[in-house]
Amino acid sequence: MSTILITGADILGEGRADVLIRDGAIAEIGSGLDAQDAQRIDADGLIALPGLVDPHTHLREPGREDTETIASGARAAAAGGYTAVMAMANTTPVTDTATAAEWVYDRGMQAPHVDVFPVGAVSKGLAGAELAELGLMNRSRAGVRMFSDDGKCVADPVLMRRALEYVTAFGGVIAQHAQDPVLAPHTSCCDEGPYSGQLGLPGWPAVAEESIIARDIMLAKAAGSRLHVCHVSTAGSVELIRWGKAQGVDVTAEATPHHLALSVELLQSYDSVYKVNPPLRSAEDIEALRAGLADGTIDVVGTDHAPHGLADKQHDFEIAAFGMLGLETAVSVICTHLVREGRMSWADVAQAMSVRPARLAGLTGHGRPLAAGEPANITLVDPQASVVVDRDASQSRSRNNPWHGRELHGRVVATLLRGQATLLDGMVQPLTGATV
Amino acid sequence: MKLPHLLQIEGLDREQITTILDTAEEMEAVGQRELKKIPALRGVTIVNAFFEDSTRTKMSFDLAAKRLSADTMAFSGKGSSTSKGESLRDTVQTIAAMGIDGFVIRHKGSGAPQRAMDWTGLPVINAGDGMHGHPTQALLDAFAMRHALGDLEGKHVAIVGDLFHSRVVRSNLHCLRTLGAKVTLVAPPTLLPPGVRDWPVTQGCEITTDLDAVVEDVDSLMMLRVQRERMSGGFFPSESEYTDGWGLTRERLARLPEHAVICHPGPMNRGLEIAPEAADAARSLILDQVAAGVSVRMAVLFHVFSGGEGSAA
Ligand SMILES: [Zn+2]
Numbered sequence: 000m001s002t003i004l005i006t007g008a009d010i011l012g013e014g015r016a017d018v019l020i021r022d023g024a025i026a027e028i029g030s031g032l033d034a035q036d037a038q039r040i041d042a043d044g045l046i047a048l049p050g051l052v053d054p055h056t057h058l059r060e061p062g063r064e065d066t067e068t069i070a071s072g073a074r075a076a077a078a079g080g081y082t083a084v085m086a087m088a089n090t091t092p093v094t095d096t097a098t099a100a101e102w103v104y105d106r107g108m109q110a111p112h113v114d115v116f117p118v119g120a121v122s123k124g125l126a127g128a129e130l131a132e133l134g135l136m137n138r139s140r141a142g143v144r145m146f147s148d149d150g151k152c153v154a155d156p157v158l159m160r161r162a163l164e165y166v167t168a169f170g171g172v173i174a175q176h177a178q179d180p181v182l183a184p185h186t187s188c189c190d191e192g193p194y195s196g197q198l199g200l201p202g203w204p205a206v207a208e209e210s211i212i213a214r215d216i217m218l219a220k221a222a223g224s225r226l227h228v229c230h231v232s233t234a235g236s237v238e239l240i241r242w243g244k245a246q247g248v249d250v251t252a253e254a255t256p257h258h259l260a261l262s263v264e265l266l267q268s269y270d271s272v273y274k275v276n277p278p279l280r281s282a283e284d285i286e287a288l289r290a291g292l293a294d295g296t297i298d299v300v301g302t303d304h305a306p307h308g309l310a311d312k313q314h315d316f317e318i319a320a321f322g323m324l325g326l327e328t329a330v331s332v333i334c335t336h337l338v339r340e341g342r343m344s345w346a347d348v349a350q351a352m353s354v355r356p357a358r359l360a361g362l363t364g365h366g367r368p369l370a371a372g373e374p375a376n377i378t379l380v381d382p383q384a385s386v387v388v389d390r391d392a393s394q395s396r397s398r399n400n401p402w403h404g405r406e407l408h409g410r411v412v413a414t415l416l417r418g419q420a421t422l423l424d425g426m427v428q429p430l431t432g433a434t435v
Numbered sequence: 000m001k002l003p004h005l006l007q008i009e010g011l012d013r014e015q016i017t018t019i020l021d022t023a024e025e026m027e028a029v030g031q032r033e034l035k036k037i038p039a040l041r042g043v044t045i046v047n048a049f050f051e052d053s054t055r056t057k058m059s060f061d062l063a064a065k066r067l068s069a070d071t072m073a074f075s076g077k078g079s080s081t082s083k084g085e086s087l088r089d090t091v092q093t094i095a096a097m098g099i100d101g102f103v104i105r106h107k108g109s110g111a112p113q114r115a116m117d118w119t120g121l122p123v124i125n126a127g128d129g130m131h132g133h134p135t136q137a138l139l140d141a142f143a144m145r146h147a148l149g150d151l152e153g154k155h156v157a158i159v160g161d162l163f164h165s166r167v168v169r170s171n172l173h174c175l176r177t178l179g180a181k182v183t184l185v186a187p188p189t190l191l192p193p194g195v196r197d198w199p200v201t202q203g204c205e206i207t208t209d210l211d212a213v214v215e216d217v218d219s220l221m222m223l224r225v226q227r228e229r230m231s232g233g234f235f236p237s238e239s240e241y242t243d244g245w246g247l248t249r250e251r252l253a254r255l256p257e258h259a260v261i262c263h264p265g266p267m268n269r270g271l272e273i274a275p276e277a278a279d280a281a282r283s284l285i286l287d288q289v290a291a292g293v294s295v296r297m298a299v300l301f302h303v304f305s306g307g308e309g310s311a312a
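Same order as they appear, the protein sequences are chains A and B. The first sequence stops at residue 435 when you use numbering that gives the first Met the number 0, and every number in between is there. The second sequence stops at residue 312 when you use numbering that gives the first Met the number 0, and every number in between is there.
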C-alpha cells in the first residue's frame, strides 16, 4: 500500500503536526516529517479528527435500492467524513438473522468508501412480538453487537426487558426508537403544541418519547444492561437521561444534527423535506439538546440519514415518508451550530462523532486516537470554509436534503479509511473493490 | 382588489375581509335576479379538485363558479390518488398542464392546497384541508353573522365544541378577530387543541371549559359538530355527558340573550351538540350560512380570478 504524508494539520491535543501513514496505519506523528515516496496532503489550516463513525444510518439496501445502495450510501459517508457507519435493520428483508446480517456485512466490505456494520433487529421482522436471533447475529461473521427495531419502538415492556437481559450475555446494546405507539401512532408527524394545532397536523407529543425513555432506563437498571436512546428530541428526554446516568444506569443517548438545528417552525411551509421521525421540535427543545450534547448527557451525534425518493416525498405532508439525508452535512451542521457558537470544541466533536459512537457499537478499528500504530482513519476538516448546500451535488441516490440552499460553516476536505483517501480535496475518490 | 389565492384567512387584513364580504352582498343580489348569472369569469376554467368528499361544499363552489360564467371541471380523488401510485405533485401538475386557470382544493391532508400552489404556480382556493383551515367557511359565517348582528366589532362570539379536530375554528378565529369581534373558545379539556393558549391569534381570547359561564353573555353561539367517530378515542365518556356539559340544550337556549344568534357549520348532530329547538329556532342562522356560502364563494372566486377590478355585478 501507499505512503501518505499529511503536512501541517491541527492534531487535537498535539497542535500543528505532520502525519506519516504507511500500509494503512499511522507510522509517525511529528514536525518536519518527510518521506520521498509519499503522496502529500497539505493540511495547513485543517483540523485532523479520528475518522467519523455514524451510529445511525439507513442504507436502504436490500429492498429500496432506488433510494440508496450500500455503495452510494458509502460514498455519501465518505463525503461527510465518515469511515464507519452502522446500518439500521429496517431494510427489506429485515436484518433479523445471521444470514441477513452477514449479507449486509459482506456487501459493505465490497463498498470501499466506508466500513459498514449491520445493526441487528431486536424483534423478528420488526414486528415487536418475538426476539430476533440476537445471539446468532452476534456470533456471525458480522459480529453484531448493536440491536434496534429503529423506525419502530420496542413498545412491549416484556420484550424490551428480555432483549436487554439477553444481550448481557455478549455485551450487546439495545438502541431504542422511543415512541409509544399509542400516544404517538404512525400518523403523528408534528411536534404536539402550538404548531401542530395551528397547522392542523397530527401531534407527536413529547411524552410519547419521554415515557418510553423513563421506562427503558428502569428496565436497563433492573437488567443491568446497556440502553442506547436513538435520536433524542425533547428537553424532557435530556432530563431523563441525565437522571438515568446519575442513577448509574448504563444509558447512552444520541442526537441528530437536524434535531440540534432545525425547529418545528419550518413545518409552516408544509414541505415534506422537514418531515422526520421524531419530529422537529421547539426552540426550547433544541437548546436543551445542545446543552445536553455540550455537557455529555447526549453522548453521540447520529445522522439518522434516511434517503427517500421523490415519489415518496411529493405528497401532502401527512402521508409523505419520514426522514431526511444527513451523512454529508453532519459535520458542517455541528460546526455551524455548536463549534462556532462556542458550545463544543473540536475535541468534543471527535468524542461525539467518532470515539464514543465506535465504543457504543463495539467497533475496535474505529474511533481510535490519532497516534502511531493506530489505523489511519482520519477526517480533515476546514473550520473556516463555508458551503451553500446543493442537494444535486449529493452522493446519495436521494435528494431529500433539508439543508439545500442554506449556508453552513466547516467543510470536510479529506477522509482517509485505513490510509486510503476516500475523499480528497472535497472530491469523493473513484474507488472500486474491497479495501480489506 | 386582486387576491393571488385564498389558502387561509391568516394574512388577510380587515379591509380585505370587509371587501370580500361587501362583494358577497353584491353577489347575493345576483342570486336574487331572474337570470342568476353574470359574465365576470367568462373564459376562466377552474378545477374543483376534491380529494376528500364534501357534497355540500363542492356544490356550493360549483354553483358559485357557474353564476360567474366560469367553466368548471371536477376532479374527485376519492381514495386519494396515491392508491394509484401517483403523488399529489404529479396529480396537480398533470391537471395544470391542461391549461386551466386555477384550483379549488379540498384535501384531507393539512397544507395540501399550499403545496399544490407551490407546485403549479396557479392560484388556489382552499376548500378545507385536513385539520388546518376552511377559509370560505369562516367568511360565510362572518357574512351571515354580519347580516344578523351588524358590524362585528366588539361582538362576542363563543365557539363551542370539538375545537381539536375542527378546521373551521382556526379560520373563524382569524376572521372574527380581524373583524374586531371578541371570541371565547369553549370545549371539554380533551378537545382543546394542544398549545392553543400559545397561538398568537388566541392572545386576549378567553378559553374555558365552562359553557354555562358564557352563555348569557354572547351575541353569537357557534356550535361545532361532534364527530361521533371520535368517541372511540375516548375524548369524552358518553354522548349524554357531552350534551350535559357542552350541548346547546333547551335550558341553555332559554338563557341566551334575546338578540343572540346560533351558528353551526353543519351537518348537525341534533340532540347531541344542538337541541332540535335550537337548530330550528328563529335566531338560528344555519340555513342562512348555507345560502351565504354561494355568495361568499362567488366573491372569493371573483377576487382571485377576475383581477377583482370594478364592480362585480
Ligand atoms: Zn428512529
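Worth flagging that the hints you see were computed from the coordinates, not collected in a lab. Here the structure is a predicted model, which is why all the values come from computation and not from measurement. Among the hints, erroneous ones may be present.
[Stated by the list, open to error] Okay, derived cross-link-like pairs now, EDC-like style, lysine to aspartate or glutamate, Cα gap no bigger than 20 angstroms in a straight line:
1) A:K151 with A:D270
2) B:K1 with B:E24
3) B:K107 with A:D270
4) B:K107 with A:D311
5) B:K57 with B:D70
[Claimed, not checked] Computed footprint of chain A on chain B; a stretch qualifies when at least three of its residues, placed anywhere within it, have a C-beta under 8 angstroms from a C-beta of chain A:
6) 12-26
7) 33-39
8) 207-217
9) 294-304
[To be verified] Over 10 angstroms on every C-beta distance to chain A, these chain B residues come out as not near it, computed from the model:
10) K1
11) M72
12) A147
13) V195
14) V200
15) S239
16) G244
17) H258
18) E276
19) R282
We put the CB at the ideal spot given by N, CA and C, even for glycine.
*Hint by hint, which ones does the structure fall short of?*
Hint check: 1, 6, 7, 8, 9, 13 and 14 fail, others pass.
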